[in-house]
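Participant: Sequence:
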Amino acid sequence: MISEYMEHRVNSLTESGILSAVTVLMALIGVYVPFLGLVAILLWPLPITVLVVRHGFRWGVMAAVVASVLIAVIIEPTVAVRLALAFAPVGLALGYGYRLGWSGIRLVTAAIIVSVLAKGIALLMVFFLTGIHPFSGQLEMLRESYTQAAEMYKGMGMNEVQIEMAKQSFEHNLGVIEILLPLVVVTMGLLDTMVNFIVAGKVFKRLGMEVPVLPPFREWRLPQAFAWLFGASLVAAYIGHANEIPILFQAGMNGYMAATLAGLVEGVVVFEYAMAHYNWSRWASTIFLIMIFMNGLLFQILAIAGILDTVFDYRKKFFGAGR
1 MISEYMEHRV
11 NSLTESGILS
21 AVTVLMALIG
31 VYVPFLGLVA
41 ILLWPLPITV
51 LVVRHGFRWG
61 VMAAVVASVL
71 IAVIIEPTVA
81 VRLALAFAPV
91 GLALGYGYRL
101 GWSGIRLVTA
111 AIIVSVLAKG
121 IALLMVFFLT
131 GIHPFSGQLE
141 MLRESYTQAA
151 EMYKGMGMNE
161 VQIEMAKQSF
171 EHNLGVIEIL
181 LPLVVVTMGL
191 LDTMVNFIVA
201 GKVFKRLGME
211 VPVLPPFREW
221 RLPQAFAWLF
231 GASLVAAYIG
241 HANEIPILFQ
251 AGMNGYMAAT
261 LAGLVEGVVV
271 FEYAMAHYNW
281 SRWASTIFLI
291 MIFMNGLLFQ
301 ILAIAGILDT
311 VFDYRKKFFG
321 AGR
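Take the sequence shown: its letter number 23 is residue 23 in my numbering, and every next letter is one higher.
If you are wondering where the hints come from, they were derived from the structure by calculation, not from laboratory data.
Glycine included, every Cβ here is placed at the ideal spot set by N, Cα and C.
Computed beta-carbon distance windows for the label pairs:
#	residue 1	residue 2	range
1	I121	R221	22 to 32 Å
2	L181	A110	16 to 26 Å
3	V195	Q224	24 to 34 Å
4	V195	A72	18 to 28 Å
5	L298	G17	45 to 55 Å
6	L297	G17	50 to 60 Å
Take these sequences, add in the hints, and give me the full structure.
Facilitator: Here is the structure:
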């Protein structure tokens with residue numbers, strides 16, 4: 001028994017050390033390698049997830065701490081803080097859910113909540129440590145890129161009036177982006193959770209493990225809460241704008257966009273279900289969807305149709321596939 005315990009502990013230590021090294025390497029790629037770095041940062045929680053599933057939650061926490069300390073020494077303390085706070089909880093949450101055998105829906109939902117909260121806390125922590133707006137660098141890069149593009153167009157002889165109009169449009173869009181920064185955080189949490197859930201599932205399958213899966217895309221059904229969010233957000237945005245209440249206006253706009261994106265997903269689900277019901281080919285339905293996404297009006301109609309589907313359930317009414 002003692003020898004088995006020691007062997008298990010040695011294996012845990014060895015694998016923890018290896019996976020900690022992998023997380024440090026991924027952090028280096030994320031900081032110094034363009035394009036590939038984005039993938040590395042998204043997948044940074046994956047080694048922690050694997051470690052939690054194979055050896056337990058405690059080992060995952062220890063690996064995250066060790067990796068963060070090494071990253072702080074090798075790269076920069078603020079990078080270590082951002083990764084540890086924003087991404088490590090995602091790996092721990094996914095690993096914990098996998099280890100307990102949670103269903104796919106429960107696992108993804110819990111991990112998304114953890115991810116969004118973790119990223120919000122990480123951004124606040126960076127702000128308090130540095131006093132710098134967390135997204136100021138990215139916004140400034142956008143401004144610099146536009147300035148360079150405007151100078152290039154001016155050198156090519158583009159009309160000054162057109163450049164000024166484009167500048168006003170750019171500043172307006174940048175203002176919209178700043179208003180929607182909370183939604184950006186939520187989207188980041190959703191994205192990295194889904195990426196790690198999918199990749200971790202493939203890794204564990206290769207290891208011969210049974211993994212939870214989400215229902216087929218055509219069977220997804222979002223809750224009616226998104227319809228209420230859509231309506232309430234429109235009211236909040238209108239009241240906030242009319243009475244010059246910036247916080248209320250920002251909350252309304254973020255809620256509106258979140259509900260619209262959710263409605264778009266539900267709309268695509270219903271569309272895919274209908275195409276399958278009528279035996280449309282995959283190519284035909286894909287081309288049709290691309291045409292919808294390229295047309296602003298059809299894009300909005302599809303999103304609103306998806307929001308309404310959360311209430312009226314078109315699949316039950318027209319195809320007999322109820323909730």
